[in-house]
Every structure is written in structure tokens, then in C-alpha cells.
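**Q** Sequence:
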Amino acid sequence: MLALLAAAVWRLARREEYFKRKWSRFHAMIEQSSDAVLLVNPDDEDVFYASPAVERVMGYGLEELRGKAMADCVHPDDRALTEKWKARLRETPGLTTTYELRMRHKDGSWRWIEKTATNLLHEPSVGAVVVNFRDITERKAAEEERARLGQRLRQAEKMEAVGRLAGGIAHDFNNILGGIIGYSEMLAEQTPEGSLKRYAKNVLTAANRARGLVDQILAYSRSQRGERAPVDLGRVVAETLDLVRGSLPPGILLEGNVPTAAVNVVGDATQLHQVLMNLCTNAIQAMAGKGTLRVTLEAVDTRAQLSVADTGAGMDEATIARIFEPFFTTKEVGKGTGLGLSLVYGIVSDSGGTIDVSSRVGQGSSFTIYLPRVDGAIAPAEEEKPPAPRGKGQRILVIDDEAPLVAVTTEVLSRLGYEAVGFSNGRDALAEVEAAPSRFDAVITDEVMPGLSGTEVAQRLRLLRPDLPVVLVSGYVGPMMSERAHAAGVGRILKKPVQSRETASALAELLHL
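When the letters of the sequence shown are read in order and numbered with my numbering, they come out as residues 2 to 514.
Since the hints were made in silico from the structure, they are not lab data. Where hints are given, some of them may not hold.
As the list claims (entries may be wrong) - When the alpha-carbon atoms are kept at most 25 Å apart in a straight line, the in silico BS3-like pairs for lysine-lysine are as follows:
(1) K496 with K202
(2) K202 with K141
(3) K202 with K291
(4) K107 with K69
(5) K85 with K69
(6) K87 with K107
(7) K87 with K69
(8) K107 with K141
What the hints assert, rightly or not - Beta-carbon label-pair distances, calculated as ranges:
(9) K198 with R463: 41 to 51 Å
(10) D402 with L154: 36 to 46 Å
(11) S483 with G169: 35 to 45 Å
(12) G363 with H106: 29 to 39 Å
(13) D468 with I321: 43 to 53 Å
(14) T117 with L154: 29 to 39 Å
(15) A142 with N203: 25 to 35 Å
Where a beta carbon is used, it is the ideal one built from N, C-alpha and C, also for glycine.
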């Protein structure tokens, strides 16, 4: 009997030793884990065990947690979610829940926590809710950064795709505007003072506004990049604010803060002016006749920081997410193209910069542009040239695949004192020059034409007659295109749609008038 009792005691001792070893291993594993483990009474939220990792994750030790309501550490926006899961956990023995929430660290900062809780109240050996905490703040920050970069990538891809379409539309639109501008200029010149002359001038004004819109589309589509050079952004801002003041509604106050020292960036002065003008125009419209427009330029470390803020209606998150999309507008039909901010986005990106937006409904909006600062000499503003001399009967060869443009160009040249001969394709024009090389004094040719391009025509003309001046007309004017054209022998490049004074100036220069 004693032997049996001794054997039973020995077995119990062995089993107790086994469980002690298992508990020691388990306890060591919990103590060394990077995840925080809590044993909590769900009724009064009393914490009767906290692993060392709890202090690393939350900043509190076990003694500090005792008597502390864990709900007080939960972010206000996450408390409803926490209460929902606590209620379900109490009702369901063995249930495990996992969710993410924000909790306040002892240092006052908010940390993202992945919380896993298991109801083991029904287990006599535990009798508590086991809570596992994991700090996922860095992971959430990385996810937000990936989402932000992904949104920027999608925005860039969308703008590139629509930009290609916009560039093609702009090319065709330029050809139409060429005829409108040419004929309205001649009509305005030939009509005596009166209503008809006024109407002709109004048509010309509208056409030139349309020309400006095409410039915006081309700048947005990146078919045309501005001439990039060191620019004093302070000078651009000051000049733009002078223009804004002249058209400011009486109820709006303009506050400008521009440093006296130069703030140099690399970009195109005209495009940067356009960026600021668009932002100011949007801000003024957002204030509906009453408010304050603040424009501030600062040199911050290696960047120029340009801010445009208003006290207008503001925007919600959904609007902010779409404001740089082409053709997106919150304005009434007929009052906005939706191209202004997409143009701003394109120019800022091309200039190596970024743009941030902050806004709240009813509290106004703020756009902040960051551009890399550079050291470099700033080119002086160009002086206005005197009107170009008229022609003296020189014969000009005109080439364009658009018959209306051939007609209007020859008409304009006749008005300027030249004799013009037009062709609708490069091959016929080359045949005419080959038959009589000395017949023409200069050539004006379009660049984009079926068959031979204007650049190819210029190359062949140089073989037939190297001294023949060539003016190339194109809707796309950029560094690469200019280099290619000049290498082909082109003397001057004009951007479509061309005004008569530009044609006169180019011919006068090449013919030494």
C-alpha cells in the first residue's frame, strides 16, 4: 500500500515538474517576445499580468497599468470599435478577435496597435482575457506612404495619357486659329473706324485668348516645354501680384510677402507666372468677392517655398483628391475649363518641384509649391523691338498642307509688301525650286505635313540652294525640335498660330531689311 502511495506521489511530482518546465519555457518565450501580452479582467479592466514588451509598446509598467482603465488610452475615433469587440468577446467564450486601433503612449504620442484578444475566462487555469499588442506604427506609415506614392503615380500616368490626346487636339486647333487670326487682323486693318472694325478686333481678341488656351494645353501635354533657365522667382511673383492687384474685387485684400534678395530657380518665367496667376485666380473666385489672399515667397534651405492661401469656401477630401485631374472643375458650366490646376501640376513637376494642398470646408485653402533653388545669373528682361520693316516685293514660297492657312498666309504676305506663292505639299514646292532655284527669296513652311515634314523640306532646299532663308512654323516648339530644325538649315522658328507681326519680323531679320 505504501509502495502504491509512494508511486502515486512520485508520478504527481514528475507531472508537477513537467508542468513547471513547460511553464518556465512558456514564460521565457512571453518575456522575450517583441509582442506585448496582457491578462485582463474584462469587467473592471484590471491588469494582473503584463509582459516586459508592454512597457516598450505602451511605455507603462505593470504597476502603472493596475487600476488604469485601458479605454482611456484608446483614440476617441477608435473607442466605438473597441467597445463593439469587447462586448462580443464577453459573450463568446473562446472567441479571438484581431483589429487595429490607435492608443496613446505614455509619452503622449499616438501609436498604431494590432490588438488580438482571446476570451479564456472559461479556462480555470487562466480565467482572464489574453490580450496581445503589436506596435504597427511604422507599418501603417509605410502603407500610407505607398498609397500616397501610388496615387501620385496614377495621377502622373493619367495626365501623361490625356496629355498626348490634348497635344493632338492643340495641333489641329492651332491650324484653325491661324486662319481666324490672319483674316481678323487684315479685316481690322482694312475696316474704317466703326462697329465692323470693333467686331473684327473682338474676333481677334477672342482668337488670341484661344491661342493662350492652346498654350496651356501644350504646356500641360508636355509637347512643348518652356525654355528652362535660372529665374528670379521673386521678380516673377512681384510682377504677377501687380497684375492681380489691377483686377482685384474691392472686397478682397491682397497680402504679398516677397523677399528683396533674389530667390533663383530653374524654369520658364512665363510658365511660372502662369502657375501663380492660375492659383491667385482660383483663390479669388473661391472667396466670392470677400476675403484675404496671401502670397508668400521664402527661401527655405535648398528650396524656394511659394504659398498661395485664401479665406474662401475650402474643399473637402474628395475634391482635394481630384483637383489636379485634367478637366475636373467645381465651377459652374462655362466658368472653368478644369485645365488650370492640372497645368500648374505639370509645370511644377517639369521644374523639378512638388505641390502640397491643405484645405478645410469653410476655412479656406492653401497651395504650397516647393522648387529647387539654384545659383546662376538671371537674364535681363528683353527690350521691346521696333516694328519690323515691310517687304519690297520679295517672292516668298509658302508651304502648308492646310489650304486655308496657305490662303491666309499668302494674303498676309501681300499686305506686308511681299509676293507670295503657295503650295499644299513639300514635293511640289521642291519641284518648283528645283526648276528655278533663284526664283524665291525665302520660304515659310509648316513642320507637320503628310509626306515630307518641314524639316525634311529644309534639308532638301539646302542642297538645291544653300543660301535660301527658311522659316519653320510649328505648334510644337522645344529644345529638341529647335536643334533638329536649325541643323536642317532653318533660320527662324515661329509657333502656331502665327501673328502677322511675327511673320514680318522673321522675314525682315532673314532678308536683312
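**Q** Which of the numbered hints are not met once you compare them with the structure shown?
**A** 2, 3, 11, 13, 15
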